[in-house]
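Visitor: Sequence:
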Amino acid sequence: MGRASLATTSFHCVTPLVVDTPFCLSEGWNSGPSDLLGPVFGYLSCAILPLMPPSEITWFPSVKAITECLVSVPSISPNVEGENACAWAIAESLTAGTGLQPELWPTGDGRHNVACLLKGEHPQASGNTVILLCHYDTVGVEEYRTLDPARSGALAFNPAAARDALQAFFGHDPRHPVVRDLQTRWQADWAWLAGRGSLDMKSGVAAHLAVLRQLWQERAALKGNVLLLATPDEETESVGVLSALRQLLSLRAAQNLNYLAVINSDYTAPRSDDDSERYLYTGAVGKLLPSFYVLGDPTHVGEPFRGVDAAQVAAELVRRINLNVDLSDAWTRALGLEPEVAVPPMTLRLRDLKETYNVQTSAEAVVYVNWLTYSLSPAAALSKMLAVAQQALSAVLSERAAQFVRYKGQQPTPLNFAPTVLSFAELCRMAWAQLGLAEAEAQEAWLRQEVEILRTTFSEMDADAREISWRIVARLAQQVGLRRPAIVVFFAPPFYPHSQPHDNAATHALMNVLHRMKDTPSGPLAQKFQQAMRQFPNPTLTLRGFYPYIADHSYLQLDETVRGQIGALVGNMPLFGRGYTLDFEAMAQLDCPVVNIGPWGKDAHGLAERVHMPYSFEVVPQLIYETVGEMLG
152 MGRASLATTS
162 FHCVTPLVVD
172 TPFCLSEGWN
182 SGPSDLLGPV
192 FGYLSCAILP
202 LMPPSEITWF
212 PSVKAITECL
222 VSVPSISPNV
232 EGENACAWAI
242 AESLTAGTGL
252 QPELWPTGDG
262 RHNVACLLKG
272 EHPQASGNTV
282 ILLCHYDTVG
292 VEEYRTLDPA
302 RSGALAFNPA
312 AARDALQAFF
322 GHDPRHPVVR
332 DLQTRWQADW
342 AWLAGRGSLD
352 MKSGVAAHLA
362 VLRQLWQERA
372 ALKGNVLLLA
382 TPDEETESVG
392 VLSALRQLLS
402 LRAAQNLNYL
412 AVINSDYTAP
422 RSDDDSERYL
432 YTGAVGKLLP
442 SFYVLGDPTH
452 VGEPFRGVDA
462 AQVAAELVRR
472 INLNVDLSDA
482 WTRALGLEPE
492 VAVPPMTLRL
502 RDLKETYNVQ
512 TSAEAVVYVN
522 WLTYSLSPAA
532 ALSKMLAVAQ
542 QALSAVLSER
552 AAQFVRYKGQ
562 QPTPLNFAPT
572 VLSFAELCRM
582 AWAQLGLAEA
592 EAQEAWLRQE
602 VEILRTTFSE
612 MDADAREISW
622 RIVARLAQQV
632 GLRRPAIVVF
642 FAPPFYPHSQ
652 PHDNAATHAL
662 MNVLHRMKDT
672 PSGPLAQKFQ
682 QAMRQFPNPT
692 LTLRGFYPYI
702 ADHSYLQLDE
712 TVRGQIGALV
722 GNMPLFGRGY
732 TLDFEAMAQL
742 DCPVVNIGPW
752 GKDAHGLAER
762 VHMPYSFEVV
772 PQLIYETVGE
782 MLG
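Numbering of the sequence shown is given in the numbering used here, commencing with residue 152 and proceeding in unit increments.
You may find that some hints are simply not true.
Calculated cross-link-like contacts (lysine-lysine; reagent style BS3-like; alpha-carbon spacing at most 30 Å) [stated by the list, open to error]:
#: 1; residue 1: Lys374; residue 2: Lys753
#: 2; residue 1: Lys535; residue 2: Lys505
#: 3; residue 1: Lys438; residue 2: Lys753
#: 4; residue 1: Lys374; residue 2: Lys270
Distance windows between CB atoms, simulated [what the hints assert, rightly or not]:
#: 5; residue 1: Asp615; residue 2: Ser427; range: 37 to 43 Å
#: 6; residue 1: Gln561; residue 2: Arg599; range: 48 to 54 Å
#: 7; residue 1: Glu293; residue 2: Ala405; range: 40 to 46 Å
#: 8; residue 1: His451; residue 2: Thr693; range: 58 to 64 Å
In case anyone wonders, no lab produced these hints; they're calculated from the structure. We treat Cβ as the ideally placed atom computed from N, Cα and C, and that holds for glycine.
Model the full assembly from the supplied sequences, consistent with the hints where possible.
Guide: Here you go:
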């Protein structure tokens, strides 16, 4: 297709394109194989509005048009065809009417990151570079099948149809919060946009695209550079951003860049039903997935006191962990920000491992726990979980003895087994001693062979990273003849490092923008915020310490509270380096401060996912635009 002019244009996805070569700022696109994205093109047409002088910027129309375009492209993760279609739409939205030269970086599994470097052309331009990060994949649309007579879920990708269907689903009752939102007007438009990805986070992608297009027009005054990175797979394993780490380092070296900071545009949401605040974040929450393999001592249910039920032990673990605020991680106040307390850990999976019905108590069980971190290191987390496991097993055995006394009126026979709680690393040491594997290479070869056997034995659906992890633990426990009852504590993928708020360029820039907004009520940001928020009582724009949801920006730095404790994670994660790998060296070399300036809305991942357009389409891009300008001078 020909290059679009600066006038209002549209782009049509017809011929797919892939660029796997390094950035070449003086050359245009390089064509790739035409079957990259298959037959998904031809239906997509998205309006790209004219670029504007800095004094006349109105973001809403362009951000809305791009958001609706991207929502119309199903990009459910992990789906190669759909995610690539969205990558192409993003690339096309950048090139239409500009000289921007986006590139598709392969992730290694058929999908692609979209990267686009804009170099400032000011005479004093330096290598200072701000990264605009976003992800373009979404979760699934099963919920939307209830709205669709064909039960296809296709309404999720049509914002106008989703609006009508949702109102009908909730009975057109204006008292219902979803209907009330969807019936709210703002100027000549609706105030809310519905559909999968409208909030998480194609509106955030659209904001970044609109800002980068505007900065291209102002490149002669730009004293630094802006790099867009749009990733797939954020909703599953973050394959996109992880595959980009080395490419970011290579680009930095090749173009002599200095990465100042990352601005992510992931979604934000109210923290309570009556919350009128809009949140900006500096720092990123982390995530650990401590897991437990429980070995019981099975017995016939007619003689329950002869053994120990693994399911009961697992249930006691869950009881002691779920919603336990004593296990909530915390961050003390700094930089003038409010202190933060993470949500308590919660179980993501609890199951016994019986494959069929019988009258025997459970011999094995597994538990996975979601644990969000602000400062907690893997080593400290492992220590806490080992203590909880010991307490849980002791409590079950004590309860067993007490109930036996009530049942029989006498003390139980002393146990003929020694309860055991140990870490995966300790279990490995026992196995290596028994197997006579003294060399690290031999130990690694044994583990890799077991992983390969498991991967080929079980179906793709069964053999996910968590499943393979506990099966490796079970194999080692069998190898050493681990005495029952026992609990082995280990880490399963994924791991997200936290990033604490620090006194850095990103935080300073965002604070300066907010101070200027407060001191200049007639300025563009203050005016846009007032207009966008007029339907909310006492609205405020608040900077907080940690983005509260798991996001890709965790992988673009390595906090000092994590760096020294990587060994505890790696040594206790059965799959690390054997199917799940994190490039900690690249993260540490990038070391980018992170802030999040994202759209605001409700019910992300849910049936009524919707984004508040006035704030998200007008205020958010202005915030990004001014923060970039503040950092680049």
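Visitor: Each hint: holds or not?
Guide: Hints, verified against the model:
Straight-line distance between C-alpha atoms of Lys374 and Lys753 comes to about 37 Å, which puts the hinted pair past the 30 Å bound. Of the supplied pair hints, the one linking Lys535 and Lys505 holds, its CA atoms being roughly 28 Å apart against a limit of 30 Å. For the given pair, Lys438 sits about 23 Å from Lys753 by alpha-carbon distance, which is consistent with the 30 Å threshold. Restraint check: the Cα-Cα separation between Lys374 and Lys270 comes to about 9 Å, which is no more than 30 Å; the hinted pair holds.
Taken as a hint, the range 37 to 43 Å holds for the pair Asp615 and Ser427, whose Cβ atoms sit roughly 41 Å apart. Checking the proposed 48 to 54 Å range against Gln561 and Arg599 shows it holds: the Cβ atoms sit about 52 Å from each other. The beta-carbon spacing between Glu293 and Ala405, approximately 44 Å, falls within the hinted interval of 40 to 46 Å. Here the CB-CB span from His451 to Thr693 is close to 60 Å, well matched to the stated 58 to 64 Å.
This entry does not satisfy hint 1, going by the numbered hints stated previously; all others are met.
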